[in-house]
Amino acid sequence: MIRVALAVLRKDLLVELRTKESVPAMALFSLVTYVVFRFGLDRTSLEGDLAAGVLVVTLLFAAVLGINRLFVAEREQGGFDAFLLAPVDRSALLVAKALALLVILVAVEVVAVPAFVVLLLGPAFDPAALVVLALADVGIAVIGTLASALAVQTRARDLIVPLVALPLLVPLVIATAHGLSPLLSEGGGGLDAGWLAVLGLYDTVFVLLSYAVFDFLLED
Amino acid sequence: MLYGKRLRGLAVASALVLSVAFALTFFYAPLDADQGFVQKIFYLHVPMAIVCLGGFIFGGICAIGLLRTGDRKWDLRSYVAIHLSLILGVGVLLTGMIWAKASWGSWWVWEEPTLVAFLVAFLLYATYQPLRFSIEDPEKQARYAAVFAVVAGAFVPLNFLAVRLAESLVHPRVLTATGGTMPGAMRLTFIVAVVGMTGLFVTLWKYEMASKNATFRLRALRRRLGDDELPPARRSAAPAAPS
Amino acid sequence: MAAPPAIELAGLTRRYGERDALADVTLTLPAGATLVVFGPNGAGKTTLLRVLATLLRPHEGAARVLGRELPAESWAVRGRIGLLAHDPLLYRDLSGRENLRYHAALHGAGRERAEFLLDAVGMDRRADEPVRFLSRGMVQRLAVCRAVLHDPDLLLLDEPTSHLDPAAAELVVPLIGRASARTRVVASHDPAGGLAEADLALGLRAGRTALLGPAAGVSPAEVGALYR
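Taken in sequence, the protein lines are chains A, B and C. Residue 1398 is where the first sequence starts when you use this note's numbering, and the numbers rise one by one after that. Residue 12 is where the second sequence starts when you use this note's numbering, and the numbers rise one by one after that. Residue 642 is where the third sequence starts when you use this note's numbering, and the numbers rise one by one after that.
If you're looking for bench data, these hints aren't it; they were derived computationally from the structure. Certain hints may be false.
Below, in silico cross-link-like pairs of lysine to aspartate or glutamate (DMTMM-like), each with a Cα-Cα straight-line distance of 25 Å or less [said to hold, decoys possible]:
hint : chain 1 : residue 1 : chain 2 : residue 2
1    : B       : Lys151    : A       : Asp1589
2    : A       : Lys1417   : C       : Glu710
3    : A       : Lys1417   : C       : Asp734
4    : B       : Lys151    : A       : Asp1612
5    : B       : Lys151    : C       : Glu770
6    : B       : Lys151    : C       : Glu710
Simulated DEER-style distance windows between Cβ atoms [said to hold, decoys possible]:
hint : chain 1 : residue 1 : chain 2 : residue 2 : range
7    : C       : Arg869    : B       : Glu147    : 26 to 32 Å
8    : A       : Tyr1608   : B       : Val101    : 29 to 35 Å
9    : A       : Tyr1608   : B       : Ala221    : 36 to 42 Å
10   : B       : Gly81     : A       : Pro1421   : 39 to 45 Å
11   : C       : Gly652    : A       : Leu1414   : 38 to 44 Å
12   : B       : Arg233    : C       : Ala808    : 41 to 47 Å
13   : C       : Ala651    : B       : Leu241    : 27 to 33 Å
14   : C       : Arg777    : B       : Ala225    : 34 to 40 Å
15   : C       : Pro771    : B       : Ala225    : 27 to 33 Å
16   : B       : Arg233    : A       : Pro1421   : 56 to 62 Å
17   : B       : Lys151    : A       : Leu1410   : 26 to 32 Å
18   : C       : Asp728    : A       : Gly1586   : 44 to 50 Å
Glycine is no exception: its CB is placed at the ideal position from the N, C-alpha and C atoms.
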């Protein structure tokens, strides 16, 4: 199963590298969003709660852009059939897509996080924040893959994805924002193990749940 | 399968219990020292919320039934449960807002974690019907809706936990009935209200199932008799007849 | 000992909403034989191929493919079936070679096989261009490679030589034609050509069997009647 998942992942990353459809747009979107926040909040420097909130929200909305496109190639170029005809464990597709989304999110953050530090963050950046972001990325990747798979058969795909994914991500937003806020404050705090635990629990529950239900989305 | 039997008895019983609950609320339950008469909305708001969330979770359990057996009657049960819970959910939000306005002066209080968690869950389930409607093939529609219902059902407890954790660090509970434990008179009224509300939900659920099953039967009979004027099944979010 | 029949269908029914896409289809196809399927658009040819490919589950009736029951044992036969349908199932942004390597990875086939096939259909020189830049005929040739990459025992072909010029059509014959010695089900709009290549002929109309019998005993005129 892992071998197959890696083959699908390789194919997806190859397509993304070739077409450069998702990552540049998502990264650019993040930068634009920072500018919008600057004016919307009428602040030039953020710290603590506000900084955490702006960062999480921006990454979340950039992620939604990527999630919308996750299964589009499959749907439009008959990729589902190709996969369904193969003698493989179908959960491999879930694993592959979630990993692809994770890679894309990390690639976007390579641009978006430093940009945030430069443009909007007041205090110095505590690298421990990357741990929180990593756990958040896993959650977004899993929920995003599930929401994208649910929406792929529908006609209003682009609308259904955010409507399904965002409420499901609220606990993740809560935990991430609370986890980041002390790390982005002046004289700040440290990593809060409690919120990391919540993130970890959330990620685990949804990974297991997605694995259990995904097959049903590919039948017939 | 006919859902109509014992329906009348159930309806009467539920109506009775609800009437008793109302009577108890107005004449028996003690008047709250801080909030006064307005606090009595608690006996409507909280039982509704409990039954609504219970309905969502029950919908998720029925959805598991569909995924495991493929029998579409589970889909109908799941759909009706979630759809009724959504309606109750609107009621929960409205009564919550009325309560907040009357006792705290503003229409919405972010400090009340259960109300906020409820809003998030409600927003999630509000996508259930648009999702169903946008999938045309009835079998796929049922299956995808079931996956959604299972994930959303698992999400509900996680969500309440997370929101509660977020708020409890800063704010004390706002819309509580009392500081902690409930005195006897309150507890009795509350329990009767919950039972009545559950009875209402089950009655409405059975009623809607009976109505839908009758429609399916009628359509199937007309088709078998070769009715030429039978209009083609319209696209809808509601489950189609199990084939 | 004779091999078991490649395909056994008994009362196969597949619905789409309230309509029957396939209704009560019954036939037996011996291993190594060719079944040709005729019928107007919407008659159920594509549905039949998709059910045989294990992509669709039968709603009623029984279906056995390569000795295994569908849908319970679909997983066991999937790797032994090759489907060539209207959709080439190729990613337009990847090259032919990359596409075939991906499919090879999915099916556990080797790269050498992909190279051999590319050469056999005359695509080895243009195999590194993204598929979106290739003509429809070339894409069809790549699709043929994809369909036989894993050396399937059963081939399901939906109008396989459409989009192919005569030279290209000749190139693919050893891979998907009668000479390939595989069991084949071919959906065709060409009565004379289809019958010439087949052992058994099936005519569908509105999902129902309108014609079934040995191909030698069916005339092109009878096939033509299906379309009226």
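For this structure, which hints from the list above don't hold up? 1, 2, 5, 11, 12, 14, 15 and 18
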